[in-house]
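**Q** Residues per chain, in single letters:
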Amino acid sequence: MEIRKIDGALLNDLFKAGLGNLKLQEQTINELNVFPVPDGDTGSNMRMTVENGVKNAPETENVGEFATAFARGVLLGARGNSGVITSQYFKGISLVLKDHETVTIREFADALVQGYKTAYKAVVTPTEGTILTVCREAIELTYEKVTDDMDLEALIKLWLVQAKKSLEETPEKLAVLKEAGVVDSGGAGLIAIFEGFLRYLGGEIFETDISSSEHGPTQVKMVSKDIFNADSVMQFGYCTEFILQLQNSKCNPAEFDIDEFIAFLETIGNSIVALKDEDIVKVHVHSFEPWRVFQKAQQYGELVTLKAENMDIQNAQTEAEKKAKKAAQHKAIAYVAVCQGEGIIELYKSLGCDIVVNGGQTMNTSTEEFVEAFKELNADNIIVFPNNKNIVMAAEQARDIYKDAKVHVVKTGSVAQGYFALSMMDVDETDVETQLETIQSGIENVTTVSTTRSIRDTSVNGVVCKENEPISIVDHTLVAADSSVIDSTMKAIATVEDIDDKEVIVIFKGQGVSEDDANELQSVINAKYPCAEVGTIDGQQDVYDFILGIC
Amino acid sequence: MRQIAVLTDSTSDISKELRDEFGLDYLKMAVTVDGKEYPASLDYEQYTPSWIYGEMRKGTRVKTVQVTVEEFTKKFTEYLEKGMDIVYVACSSALSGSYNTGRVVAEELLPNYPDAKIACVDARNSSMGEGFLAIEASNLAKEGKSVEEIVATLENDRDYYHQWCATETLTYLARAGRVAAGKAFFGNMLGMKPILISNLKGENFAIKKVRGRKSSIEELANEVANNIVDPENQMIAVLHADDESAANMLKEAILAKVNVKGVYMGIIGPIIGASVGPGTVVAYFKGKKLEL
Chain A
0 MEIRKIDGAL
10 LNDLFKAGLG
20 NLKLQEQTIN
30 ELNVFPVPDG
40 DTGSNMRMTV
50 ENGVKNAPET
60 ENVGEFATAF
70 ARGVLLGARG
80 NSGVITSQYF
90 KGISLVLKDH
100 ETVTIREFAD
110 ALVQGYKTAY
120 KAVVTPTEGT
130 ILTVCREAIE
140 LTYEKVTDDM
150 DLEALIKLWL
160 VQAKKSLEET
170 PEKLAVLKEA
180 GVVDSGGAGL
190 IAIFEGFLRY
200 LGGEIFETDI
210 SSSEHGPTQV
220 KMVSKDIFNA
230 DSVMQFGYCT
240 EFILQLQNSK
250 CNPAEFDIDE
260 FIAFLETIGN
270 SIVALKDEDI
280 VKVHVHSFEP
290 WRVFQKAQQY
300 GELVTLKAEN
310 MDIQNAQTEA
320 EKKAKKAAQH
330 KAIAYVAVCQ
340 GEGIIELYKS
350 LGCDIVVNGG
360 QTMNTSTEEF
370 VEAFKELNAD
380 NIIVFPNNKN
390 IVMAAEQARD
400 IYKDAKVHVV
410 KTGSVAQGYF
420 ALSMMDVDET
430 DVETQLETIQ
440 SGIENVTTVS
450 TTRSIRDTSV
460 NGVVCKENEP
470 ISIVDHTLVA
480 ADSSVIDSTM
490 KAIATVEDID
500 DKEVIVIFKG
510 QGVSEDDANE
520 LQSVINAKYP
530 CAEVGTIDGQ
540 QDVYDFILGI
550 C
Chain B
0 MRQIAVLTDS
10 TSDISKELRD
20 EFGLDYLKMA
30 VTVDGKEYPA
40 SLDYEQYTPS
50 WIYGEMRKGT
60 RVKTVQVTVE
70 EFTKKFTEYL
80 EKGMDIVYVA
90 CSSALSGSYN
100 TGRVVAEELL
110 PNYPDAKIAC
120 VDARNSSMGE
130 GFLAIEASNL
140 AKEGKSVEEI
150 VATLENDRDY
160 YHQWCATETL
170 TYLARAGRVA
180 AGKAFFGNML
190 GMKPILISNL
200 KGENFAIKKV
210 RGRKSSIEEL
220 ANEVANNIVD
230 PENQMIAVLH
240 ADDESAANML
250 KEAILAKVNV
260 KGVYMGIIGP
270 IIGASVGPGT
280 VVAYFKGKKL
290 EL
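Heads up: the protein sequence lines correspond to chains A and B, in order. Here numbering that gives the first Met the number 0 is used: position 320 in the first sequence is 319, and no number is missing along the way. Here numbering that gives the first Met the number 0 is used: position 162 in the second sequence is 161, and no number is missing along the way.
Isolated chain B (complex conformation) (with noise of 0.2 Å):
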């Protein structure tokens, strides 16, 4: 039976830890800063995550590239010649167009290949709410899956991975065309921190609004324990954008309200990072289908 290989790409947040514990692999997507490009590495080699945020802050323009033909041939080429099959769970299509490029370049790859399979799988979702869903599927593939099985099972799971994320304004979303969200979350608004979901369509959805930095993690916890099911069997995972303090406030907010298994703390990367604008705090977790 051919092995599968399950890669993902730089908006899955996921960690080297990570994705050494599970066997991922992952599509590098690339940020320019000031027209300079990097590649979006989710291990910095070439620069710190404080300084993409201190960027920004300066009101640097950070933009992001999605996953090139480049990259996806090169790495899709590099695991069918190992003879392995490939499940690519890619960032939301709502978000990203790296999951329609993939998906170009399989049907570009195949014929070459031919008992080899490439499944893209959309995660309607993004950071470790794609993270997650790549985890799983590596799980699936262990426990010796077939790759429609294992497509199967992500299409019906990913409208149970809830987002739940504070975010300083939604300036940075709206300038860079991903977030749905009413006038209400937009105009000069102080201290106000908008609550943004990732929908059924894998959109950033901006649900509601919440007054203060305090209140607001508070809000994400209520969330977090109004949502999730079974907690005590499952690791969730708390990331932030360059402000390590939510970040631990979040998690002990929520550990203070659930017993989960354990909490993944992190850092959002340098793309999802580049959406969602320094100050973002973010938990992601398995629970009730989503309604939106």
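Isolated chain A, as found in the complex (with noise of 0.2 Å):
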């Protein structure tokens, strides 16, 4: 198909086929990864991000309106670096076709020249080998082809042709990808969705998950005139469910076709999850006509269970309570922090976090989970504890979204410094210029050692480690492997600087490691430490088999 106007709707298709091409190859992309700390998720980063622009993305045939949309829901979904920086990419893009109800192919050119030119001015040290070069490579050495007659399917063509010679050469860019002998992992991210456009344009068409959360029974509850009453326009419609039992009276339920009766179901609503297994036929879907439902699904049997609630008052019932469970909790100062495992999140709480956001390593916070925790506070201030370097970003891009409150990032690079900030620092103060002080200063001089598995033979910083051995870093560099957590921690603890002065060495136990390891390695760095006083908290934590703080 030969295309050279390009509007909302067409848009919209290309991009959601561009999710499914870069689902396809996630895990591929999770894989590409230069460290082998198991951290490889850009994959999974960038198509939560992605997922978060088609998801919120609206039907419409005007390109403008689209693409603005589009970006701003990429942007509340980003996670990690490269999801930052996509979202970046799309912002850059949507700021050319704003204005356009269609966008000829050397108008979408331009767009993605401002791509790239925004995604390298949201990264305050652009680094050259990333998925910054390649999205402005793949344009630079296009734009000079770009002809008047040219169709979308050859513009594409020619990007991509740029774009992995372009991902080829990362290596040759950036020491770390050549080391770990693999390319930038957000490049080929990027490389998907394109590739995503371009079997689209070849006439595949990919499907898109349906998913819905699952709503467990509702209390029956007095309904209040305030919520829904004689004048109140209906919004949201009725989440209706039902189970149908085929009936040989009815129908042949071997032959019942599912796909025609979502069809149907498409028609009148949305969220639709319908599912046939044998002569029982399950079905959630979101309508304003629940009755036209029921109808249809009587037409081949019976329904076993069924009912249809008033999205409106669940809706307006949760952000009533919402509302009420805010107003009554007016802070000063509040506190965020991201972590994960049981036992730390436990640890945070305990110490006067308000919200412990589960995330780290595997699993980026995004723009729009911070955001979302925000909301739930009421706080003059909010202090946020990112505890990954990964994480800095995102929650920054929330700080500068949030209008409610006075955001502040502090730059905890681990759960061990944000444990020592946090338990520098009083609560209960006010004054937030005082409290930032207080936590700057429980940040500094903390060195963070963290044992973890390689998920690969490799060598990085000439240490050289197997698939699955215990490898150590100190903050964020590779300083030792071993055959025993014991012994790679204590490697890695022996290269802290002026290890000999310090006084407090806290050990988090992950979930891979026994009691007994945990207690070996405190007995071990008290013997070989004493001036330090060490002690171990059980972190619950996956990934790090041990997390140190020491200061």
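Be aware that one or more of the hints could be misleading.
[Unchecked claim] Listed below are the simulated DSBU-like cross-link pairs for lysine-lysine, each with C-alpha atoms no more than 35 Å apart in a straight line:
#: 1; chain 1: B; residue 1: K182; chain 2: A; residue 2: K374
#: 2; chain 1: A; residue 1: K348; chain 2: B; residue 2: K57
#: 3; chain 1: B; residue 1: K213; chain 2: A; residue 2: K410
#: 4; chain 1: A; residue 1: K388; chain 2: B; residue 2: K213
#: 5; chain 1: A; residue 1: K348; chain 2: B; residue 2: K27
#: 6; chain 1: A; residue 1: K405; chain 2: B; residue 2: K200
[What the hints assert, rightly or not] Just the calculated beta-carbon pair ranges, DEER-fashion:
#: 7; chain 1: A; residue 1: K374; chain 2: B; residue 2: E36; range: 52 to 62 Å
#: 8; chain 1: A; residue 1: D379; chain 2: B; residue 2: G34; range: 46 to 56 Å
#: 9; chain 1: A; residue 1: E514; chain 2: B; residue 2: S214; range: 23 to 33 Å
Since the hints were derived computationally from the structure, they do not count as laboratory data. We put the CB at the ideal spot given by N, CA and C, even for glycine.
Hints given; two lone chains; assemble the complex.
**A** Below, the structure written as structure tokens:
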């Protein structure tokens, strides 16, 4: 199909296809990981980032309107550094498209140029050999070949040729990639999206999952007239669910066509989940006309269970509950942290964190998740402990978007740093500047040693490690590997600057090691560093067998 | 003119040497370790300080018993019989009931000794904060000051004695109900040392927390330097609960910053020790008027 004009509907289809193809390659991209630490989640991060754009995109022919809303959705869903950069790339694209009904191929190419420029600007110190390089070089080298009668497929093909060339060269530009023998994962993710465009233009259709949250049985409540009354205009419709027993008297259960039934549901509702298992059909749909759903179902059998709930009331009630909860808890300063591991989460709560978002190494918190957390709070100031360098950018984006409180992102690079910062502060302090100073002094001089398992045979910084072998990292540098978790950790500790003068060593024990291992580590440290006070906390984190905070 | 006996109690942590030098006597409290009661002697005839702190480290609950009516009656009578007046410098009434019991017993006894006086003074401090006040009382008595004059001076001067103390944890103090601290001082805080002062009310007040043993000692020395007045002419005290090296480090850190006349080194006795717990180190001195 020769396309020379791009409208909102086409762009919508392209991005759905881009997302579809990204999903197919998600795992492969995850494995393109420079570091032997299993934080290989670029594929998942980018998928979730783009997914949020697709999910929130409006049905519109207007390309500007579509692109703006899509870019906003992507921004809110941005996870991980590549996700954040991707969101800025699409934002740049939307800036060019925003005032257009439709755009030409040349204008679209202009948008791709603006895309990389905006992405570069978002990064404080742009690193070449990353997704930035790929999105820049791909269009730089394509742009001069753009002609007035070129169609979209030709543009995308040219773009992909250049992008792939650029991706292959990333290891030459970034030493860590070369040492690990991989190409840049973010760049690979972007290419997967554009490949999806091409596959769509070639006539392929991608399935998009329809997911919906499970609703448990709701308590019958008295409905207040304030929530829904004679003048209310319904906004959300009914959450409609039933189980249908197909009946021989009405149809041939074996031949009942679920796809046809879904096609009908699509005409009167959305958020559809419909499954057929032999002669039972289970359906979930949001519709303004639930009676039509039931009526249609009864043509094929009888309903075993059914319910239709007014979602306006549901929505108003949850909103009201949230509001009431929020009003009750106004604070001068509230605290949000990102942690992983039940023990660590509990610890953070006990030290005064209002919200602990479950996330971290393998599950980077998105901008949207931060904004959602902020919304639950009622505070003049919010202090965020990201506890991972890959989350700082998303937290900072959330800070820039959120207007109802002054948000401060402190640069805690690990749960250990966050722990020391929290234990230094006084939760009752109301002066935010004083508090930030205390927190900063808590972070200073804290070294983090983490021990995990290498995800493959590799060599980093001259440290050779085998797949699944314990490896230890000091702050962000891999320094040791050993067949024993204890020995690997001890080797790493020995490299910490002025280790003999350190006063406190806190061990967070992970799920992957036994209590005996933790006890042994503690006594070995005690014996080797008698000046330091050593303690163990059952953090129950995954990925890291041990995380140590040393100061 | 009647002579004046200056008494204090087990919480003053005042050594035999100092008691002899200043002619002081003290009223004994008691500790119960694992249900068994021992006199809270400052001379440790029945057990060593290490034993009691060792028991605490093992998790044995050590409880304290204030000066009993019997002990007050015995000691007060002893000095009244000698024809002496009594100034009793008591542990902070925010920490112990001894001050009140002392007053009650004094009122009971005095009708039998029409010319005698017993004055109970609330030190609003403990350990050597209380001890220094008792030494001051003894000096005033030697100068020939009256009971009333001594009481007036002590009730003024108690607002100038500083306690700067670093503990391992607030657990013991909190369990004994002998600390005023916000929730910032509780919870799992490895390596964090609460810093305690004795405030104007005579409470142990958690004023800040410092990370690490060395840093906490450095912080105490800084506070001594910031708050001390006329250091060249005063003896200060550094005490510890089973951590002599910390006490020595604190002494050296203080001497590096201020030129004091001298340092009394000592052990935190069983009563105060049972409250603050092993590993505590503390400095007492006279300085600027307390603000809190």
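**Q** Hints first: check each against the structure and report whether it holds.
**A** We went through each hint and held it up to the structure:
A distance of roughly 26 Å separates the Cα atoms of B/K182 and A/K374; the hinted pair therefore holds under the 35 Å criterion. Distance check on the hinted pair: A/K348 and B/K57 sit about 29 Å apart at the alpha-carbon level, within 35 Å; holds. Restraint check for B/K213 and A/K410: satisfied, since their Cα atoms lie roughly 26 Å apart, inside the 35 Å limit. Between A/K388 and B/K213 the CA atoms are separated by roughly 30 Å; this keeps the pair inside 35 Å, and the hint holds.
Between the alpha carbons of A/K348 and B/K27 the distance comes to roughly 45 Å, so the proposed pair goes past 35 Å and is violated. The hinted pair formed by A/K405 and B/K200 fails the criterion: a straight-line CA distance of about 39 Å is larger than 35 Å. The beta-carbon spacing between A/K374 and B/E36, approximately 59 Å, falls within the hinted interval of 52 to 62 Å. Taking the beta carbon of each, A/D379 and B/G34 are about 52 Å apart, inside 46 to 56 Å as hinted.
Against the hinted window of 23 to 33 Å, the Cβ-Cβ separation of A/E514 and B/S214 comes to about 30 Å, which satisfies the hint.
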